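J.: Note that the protein sequences, when read in sequence, are chains A and B. If you're matching positions, the first sequence starts at 1 in UniProt numbering and goes up one per residue. If you're matching positions, the second sequence starts at 1 in UniProt numbering and goes up one per residue.
Keep in mind the hints are simulated off the structure, nothing from the lab. Please read these numbers as outputs of a predicted model, since none were measured by experiment. Incorrect hints may have been included.
EDC-like, lysine to aspartate or glutamate: derived pairs with alpha carbons at most 20 Å apart [said to hold, decoys possible]: (1) A:Lys112 <-> B:Glu248; (2) B:Lys201 <-> B:Glu116; (3) B:Lys201 <-> B:Asp60; (4) A:Lys168 <-> B:Glu126; (5) A:Lys112 <-> B:Asp260; (6) A:Lys168 <-> B:Asp260.
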Amino acid sequence: MRPINEALRRIPIWLVYGLGVLPAGALFYQGLTGALGPEPIKALEHEYGELALQLLVLTLAVTPLRRLTGLNLMRFRRVTGLLCFFYVSCHLLVWLVLDVQLLGQILADILKRPYITIGMAGFVLLLPLAVTSNNLSVRRLGPKWRQLHKLTYPAALLGALHYVMLVKGFQLQPLIYLAVIALLLVLRLAPLQRLKLA
Amino acid sequence: MAHRWKNNLSDGDVTPYAAFLNRRQIMAGLGGTAGLGLAALGGTTAWADTARALEPNSWDDVTTYCNFYEFGTGKGDPAAYAGQMTTKPWSVEIDGLVDRPGSYSMAQILEAMTLEERIYRFRCVEAWSMVVPWQGFELADLLALAGVQGGAKYVAFETLYRPSEMPGTAYKVLDWPYREGLRLDEAQHPLAIMATGIFGKPLPNQNGAPLRLVVPWKYGFKSIKSIVRITLTDQEPPTSWNMANGREYGFYSNVNPKVDHPRWSQATERRIGGGLFAGREPTLMFNGYKDEVASLYEGMDLAQNF
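Pulled out of the complex, with its shape left as it was, chain B reads as follows (with noise of 0.2 Å):
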């Protein structure tokens, strides 16, 4: 079932660094526009492309610019209280629509899968992106080990929530629990991975610690952090942004620069760590994975369906 796709983003694709800065001047050259017809213009701007894709972000980047309101609403307050999480027992109860319902423990887990990395963008709903190096497992996988039952058509995931050691969770900005959900395809899609580690280590606890969703076409909050709990239903489970503000935050969330946020535009990006002066990027449809998923959405009106 999994292991389906091929990533073709890996270390030895990684531009040097020197290289980089200097296709950088000559897209500078071109203006402001060059990404916009990246694909257009073909075979000679793939390494632009590439370039643009694979400027990996640095380790700080990844662990202290991150968003997880169970620990507040600062981009540095997780990685400020989350070291107080837990993590260690842990465990995630697999329920609903499953041939073997119970709870997991991350030994019996990480021993039923097999690790390996994946380079992904990683686009966030604010107009921010990064490129981070996880290391996990195809969530397909997870499912199997459950058995998926026939009449499951949605994964319901959710956060911990344990106020003692969640500072954040003493506000209501959101419903805690944090939930997020997927239709069943796109769980079972071979992008979308469970994930344990970045960069080669163990996942810290501000990313989501110690184990967290990654959908690479999607913005980054459907990526759910610290699951306790996966339940296969039949119905489209209630998930925490559509739930606080429907209007914004639709189910699907997909990377869409053509469907802007009501209070912001999705049709540009800042990379996270240019500094001062960085300037915005174009978005990729399906954040760069339109070739992959785009038909999981085949007859469907993304204007609707955000």
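If we strip away everything but chain A, and leave its shape as in the complex, we get (with noise of 0.2 Å):
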């Protein structure tokens, strides 16, 4: 693991800031010009929704993955877990813009679809985690940042509920990222730390 390690170690971060937003510019002009298909909204929502779920599972595996397998990511966990709000935002802004565009039925929508009510909440928790992700909230919060930012928890889960609610039918996708996230927090109970393999 010591080379892997060595070699991430040289990676600068603003590259990872770079590329990772990089992607929702490219989505962004696809819709525009017909590349994701007749309905881009849609598309669009979906892709940005994604992506953000993807990041949450990467930004979720780095403790795991450390203490499993020696690999130390911890240098981008917080990358990871902005770029992941940074979509999670494309997602709603899409929503709210481009897709429903009424106020009335935006809100409607929040209080009455429980989907909608949990995707929501899941953003309203991840809010106050974004806000504090740099040094000086870090120091200033000490111990209580920790504490703080496990919210990401709850935050996963109701991101990958939020997915599994919205699906018509028996869908496997969106079963898998819950079972993904379930499997990452349930790496994170007392007993199973133990069990260090590295």
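Put the two chains together into one complex, using the hints given.
T.: Here you go:
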């Protein structure tokens, strides 16, 4: 693992931010030019939402990966977390600005549709995490920062649940996301932490 | 029996594109809810209703944005995988309470039917919509070919189930084969057609080749594709989406802006093909076919029988 960790240490963080936001612009451009099919709004909404879930999985995987394999991605956890928040925001903005548009219906949907309520709750939980993802906040909050950032766990579950609830019929993909996220959370339970392999 | 309904949408009525755009700007100026009061506003807005109804979708829209879960749950999956479905030869088993049950080949059916064009609005339960120029014949004519018996009250339909050609059926997204049903009077309504083509061409597989139902006043999933069996019964037949989630998908599934799907509003819809900045439009009662079909449901509570 050491050579891999050494190599990873040489990757500049700004590069990860740069590459991370590129798909957002590329997808929007594809939507404009018809490359996302006849219904680009839904396609964009789904692409952003799925990217956010993938980044959330990656963020949650950092700690178990280090414990179980020694692979150290800790340097990238803030980047993946913030990129996740960025894509959740893009996802929400597409829904608000391009999809529903009508303020009355947006509010009604948030209150009346459980999968939207759950999605919004997940977004709200991510807000304080995004705001405090900087060195100053880490220093100011001290141990409270760690406690606060455990909100990632319920937020991840809500995100996965949001996906499971929105699809029609019995579909596999959202259930896979839910299972992976549940597994990554279960790996954090105390008794399992003693099973360090590395 | 059939041919009582006169199509009021035809190529001749289609608004020239430039005029359409012009009107659209006027509509936008009237505000987002302009469409809601169309009927009430009377003659001056008849053109607006027409403009809204007749912006025809493109061949690409209709053939690449489809739900046909036997080929996958993605909108592009049917276009990608339905090509492998064998549609020749094809026959439809017509059984149950009919005088002449049996297997009817496509050739036999087409020989007995007169094809006509029907330009219909098409509204999906997922709150998107299109306008599609279908070719086909009235379902009533096909039922008459088999001879409906007096005791029949419902018509049940079944889609082809052939796992070797349908990758989506590897997953139990639904209880295959896909099933749908109509009350007999709905099935015999002149608006209900069996389609064999779109845009003057044979139906592409992803659109339900070689023979599909089109019931324009109901959500799209009622318009069952690639039909292999039609059964006349005296019992309300089980239908796939109702079996999967009866709370969300009723047997009738009439387009109704006042009855929301439990997970989303049905008050508005988005027309496919409008690009990234297309707004939503108000959904019309019975998808705009209220004058034609409302009498079928007189005395029924449509929030109960949704």
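J.: With the threshold set at 20 Å, check whether the alpha-carbon distance from Lys112 (chain A) to Asp260 (chain B) stays at or below it.
T.: holds (10 Å)
J.: Between the alpha carbons of Lys201 (chain B) and Asp60 (chain B), is the straight-line distance 20 Å or under?
T.: holds (13 Å)
J.: Given the hinted pair Lys168 (chain A) and Asp260 (chain B), is their Cα-Cα distance within 20 Å?
T.: holds (15 Å)
J.: Holds or violated: Lys201 (chain B) with Glu116 (chain B), Cα cutoff 20 Å?
T.: Judged against 20 Å, a Cα distance of about 12 Å means the pair holds.
J.: Sort out whether Glu126 (chain B) lies within 20 Å of Lys168 (chain A), counting only the CA atoms.
T.: holds (9 Å)
J.: Lys112 (chain A) and Glu248 (chain B): Cα distance at most 20 Å?
T.: holds (14 Å)
In this structure, none of the earlier numbered hints is contradicted; all agree with it.
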